[in-house]
Amino acid sequence: QVTLKESGPGMLQPSKTLSLTCSFSGFSLSTSGMVVSWIRQPSGKSLEWLAAIDWDGDKYYNPSLKSRLTVSKDTSNTQVFLKITSVDIADTATYYCARSIYYYSSYDFDYWGQGVMVTVSS
Amino acid sequence: DVLMTQTPVSLPVSLGGQVSISCRSSQSLVHSDGNTYLHWYLQKPGQSPQLLIYRVSNRFSGVPDRFSGSGSGTDFTLKISRVEPEDLGVYYCLQSTHFPYTFGAGTKLELK
Chain R
1 QVTLKESGPG MLQPSKTLSL TCSFSGFSLS TSGMVVSWIR QPSGKSLEWL AAIDWDGDKY
61 YNPSLKSRLT VSKDTSNTQV FLKITSVDIA DTATYYCARS IYYYSSYDFD YWGQGVMVTV
121 SS
Chain D
1001 DVLMTQTPVS LPVSLGGQVS ISCRSSQSLV HSDGNTYLHW YLQKPGQSPQ LLIYRVSNRF
1061 SGVPDRFSGS GSGTDFTLKI SRVEPEDLGV YYCLQSTHFP YTFGAGTKLE LK
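In order, the protein sequence lines correspond to chains R and D.
So for the first sequence, this note's numbering puts the first residue at 1; every next one is plus one.
So for the second sequence, this note's numbering puts the first residue at 1001; every next one is plus one.
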């Protein structure tokens, strides 16, 4: 049974660095074809794909935010991390992590975490 | 970025009825590998998005056959027949053919 769960600070001040953790079970990120992505959703708005890391450690970023994002994984392949630097109010959102499995050249997001709400406020 | 345009924004429905949601992309979603990476999600109130349909027309595990997806190129449709209360929420299309992956703005399915 695949499960993912996000954790984060809840609230932080503008200009700080946001650190998020995605802890998962039911699959290993060391398995060929596996991917974990980060997606966010401001309240009442649509979804925005942010970043992904695959089983081989390759990393992918949304160009619109690339300079501020860092995705990584732990050596046990059971956690994925996302750091966003220099946050501002526009980064206030619910952040999700999601699992994918490559099919040929791409993938969908088949399992999602429950999301963690992050508020940027002074 | 590929723009995904969903219509309508809001869709009133009667239980037991049938509805269609349209998703149009600003570029063809046919990948050079021959596949079309267009997917549909439902986000129920207070929940995470859940995968309904992947690669245009394939139902995800546990998704009832009341849900069907179709389309090609830049024009895609999600049909829901015999609408049940648990089908209410916001539907999103997602393209993962072109980088960065992008979602539609959503279609809210609500009771008349």
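Be a bit skeptical, because a hint or two may be false.
Reference listing, derived: stretches of chain D covered by chain R, where coverage requires no fewer than 3 residues with Cβ under 8 angstroms from a Cβ of chain R [what the hints assert, rightly or not]:
#1 1054-1067
#2 1077-1087
#3 1091-1099
Think of the hints as simulated: they come from the structure by calculation, not from any bench.
Remember, predicted model here, so these are calculated numbers, not experimental data.
Think of the CB as a built atom: it goes at the ideal place given N, C-alpha and C, for glycine as much as any other residue.
So, against the hints stated earlier in the document, which numbers end up violated here?
Of the numbered hints, just 2 does not hold.
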